[in-house]
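*Asks:* Protein chains in written order, with our numbering: chain A, 1 to 262; chain B, 1 to 158; chain C, 1 to 104.
Everything labelled a hint here was simulated from the structure, so no lab data went into it. Just so you know, even glycine gets a beta-carbon here, dropped at the ideal spot from N, CA and C. Treat each hint with caution, since some may be false.
[Said to hold, decoys possible] No farther apart than 27 Å at their CA atoms in a straight line, the calculated lysine-lysine pairs in the DSSO-like style are these:
(1) B:K52 with C:K70
(2) B:K53 with C:K40
(3) A:K200 with A:K96
(4) B:K53 with C:K102
(5) B:K52 with C:K13
(6) A:K166 with C:K102
(7) A:K96 with A:K216
(8) B:K53 with C:K13
(9) A:K216 with A:K166
(10) C:K12 with B:K113
(11) C:K48 with B:K53
(12) B:K52 with C:K40
[What the hints assert, rightly or not] Pulled a few chain A residues facing chain B out of the computed Cβ check, cut under 10 Å:
(13) I2
(14) I3
(15) Q7
(16) A21
(17) A76
(18) S78
(19) L82
(20) E83
(21) F118
(22) V172
(23) F173
Residue-level listing of the chains:
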Amino acid sequence: MIITNRQPKETANISSARGTAGKELWQLVLSALALLIILYFVIGIAVNLVVSRISVETEAKIFNNFKAAAAKNPDASSRKQLERASAILAKLQTGKNVPPLPYRIVFIDHEKPNAFAFPGGTIGVTKGLMDVLDDEIEVAFVLGHELGHFYHRDHLQGMGRAIGFKIVMAVVFGSGSGAEFLGQSFDFVFERKYSREREKKADRFGIELVYAAYGKVEGVDRLFRILLDNDTIPDWAYMFSTHPSSRERIDDLKSYAAALQK
Amino acid sequence: MEAIISLVIQLGIPLLIIVVALIVGSALERRHYRSIDERERRYGGIPLINEKKYPTLQPVAEARFVTGSVVISYDYFKRFLAGLRMIFGGEVKSYVSLLDRGRREAILRMKEKCPDADLIVNVRLETSSISKGGSKQRLGAVEVFAYGTALRYVAGER
Amino acid sequence: MLITNIEEIPGKKIVEHYGLVAGSTVRAKHVGRDIMASLKNLVGGELKGYTELLEDARRQAMDRMIVQAKELGANAVVNVRFNTSSIAQGASELYIYGTAVKVD
Chain A
1 MIITNRQPKE TANISSARGT AGKELWQLVL SALALLIILY FVIGIAVNLV VSRISVETEA
61 KIFNNFKAAA AKNPDASSRK QLERASAILA KLQTGKNVPP LPYRIVFIDH EKPNAFAFPG
121 GTIGVTKGLM DVLDDEIEVA FVLGHELGHF YHRDHLQGMG RAIGFKIVMA VVFGSGSGAE
181 FLGQSFDFVF ERKYSREREK KADRFGIELV YAAYGKVEGV DRLFRILLDN DTIPDWAYMF
241 STHPSSRERI DDLKSYAAAL QK
Chain B
1 MEAIISLVIQ LGIPLLIIVV ALIVGSALER RHYRSIDERE RRYGGIPLIN EKKYPTLQPV
61 AEARFVTGSV VISYDYFKRF LAGLRMIFGG EVKSYVSLLD RGRREAILRM KEKCPDADLI
121 VNVRLETSSI SKGGSKQRLG AVEVFAYGTA LRYVAGER
Chain C
1 MLITNIEEIP GKKIVEHYGL VAGSTVRAKH VGRDIMASLK NLVGGELKGY TELLEDARRQ
61 AMDRMIVQAK ELGANAVVNV RFNTSSIAQG ASELYIYGTA VKVD
């Protein structure tokens with residue numbers, strides 16, 4: 001038995017993998033992004049299709065029992081604010097294009113001025129919002145903006161898209177490999193741009209309603225001016241935000257109001 | 001402000017970890033390969049066979065069971081690449097080099113335990129993954145275990 | 001290339017042993033196959049996609065071992081052993097090794 005010690009120079013196993021990490025990285029990242037783009041649009045179209053099939057009546061029925069996280073026992077001043085907002089909402093509700101949902105306003109005990117549109121016709125307003133707005137037109141615009149979301153079905157779209165993306169991310173990146181952040185970056189760039197566009201559309205809807213109901217638009221941008229004064233975010237960061245910057249919204253409202261009044 | 005914070009947390013930090021892992025990980029891999037190459041030159045003279053038979057031209061002075069093992073983990077960058085690869089399927093090249101390192105290291109450690117051996121017979125290699133748990137923070141590592149019987153001949157020649 | 005998993009090639013004489021040769025590959029299945037497999041997993045039975053994948057990977061690992069054996073000037077590999085291990089969730093390594101020999 002003769003043994004001659006011979007060693008393979010470069011193992012055949014490793015030669016295929018040596019120095020290919022860079023190339024593989026780009027190939028995989030680009031393919032993953034391409035896949036995400038396709039899935040992104042497929043989900044968008046699918047959700048749109050489903051939402052357009054859900055009539056306003058069905059929506060009201062499905063989400064009838066939906067209870068937003070409303071403040072339990074609002075104090076006297078909050079109750080007064082709530083009543084006032086409800087009266088304004090009643091005035092706007094009859095406006096053009098407002099979908100016939102059983103609207104109600106819930107009071108959210110939070111300091112930050114904000115308002116939300118929940119499926120089924122529930123509008124949430126924060127205590128902070130009601131505290132900073134005193135003029136009727138200002139409140140009317142915020143409510144009109146939320147009604148715009150109902151008109152565009154943004155609350156349903158947003159919900160459907162969020163669920164769709166969650167499922168796709170779990171299936172595609174289910175391995176917990178650290179690659180999920182590719183999907184996340186997608187959310188930051190595409191989904192937030194989409195969201196900003198929806199917000200602008202809702203703004204325009206709101207100003208139209210206010211103009212139809214009150215015959216004037218002065219003061220609709222008051223909330224944004226207050227927000228702008230307290231704004232600490234640099235302009236570039238709004239590229240990754242769900243809402244346009246206050247400055248952008250003020251400008252957009254101004255130009256749209258000018259077009260409206262003509 | 002929240003927008004910036006969530007941007008940094010959700011995008012910046014993973015990206016930073018990947019870049020750091022890429023730089024540090026590949027530097028460590030290069031260093032490991034240098035060390036492997038150097039030691040393989042030193043111990044390259046000991047042949048390995050995985051047969052039970054051995055040359056009987058000279059009497060065997062010593063037969064000893066030798067083992068070598070190493071647990072080696074993949075870095076975040078390799079895991080990132082592998083995670084992407086798992087979407088499309090195919091060869092996970094980033095793990096191939098890792099296992100190659102592990103295997104050569106385990107064999108070297110086995111050889112280092114018997115530097116005066118003339119031959120190691122009936123060599124067996126075993127690989128097992130130590131990545132239990134299944135959660136996102138799971139440990140990603142493999143163990144390579146090499147074992148065999150080292151032979152030293154009386155005359156020091158085979 | 002003659003390959004056996006016993007220590008000899010029956011009917012031939014081994015004239016020279018060259019040492020260990022090995023081949024390996026790490027394979028991942030793609031997401032589509034994964035989904036199909038998890039559906040199939042509900043009812044059990046053979047996961048054809050995975051069988052094919054592992055077969056394919058094993059063949060590639062064997063090919064790589066043969067490349068090494070040829071590089072050493074061998075014309076047979078004896079005592080071949082397979083080693084399949086799951087490296088990470090969704091990725092398996094196929095490792096094959098044996099002793100490269102020269103036969104008459």
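*Asks:* Any hints from earlier that this structure breaks? Give me their numbers in increasing order, please.
*Replies:* 2, 6, 9, 10, 11, 12, 17, 18, 19, 20 and 21
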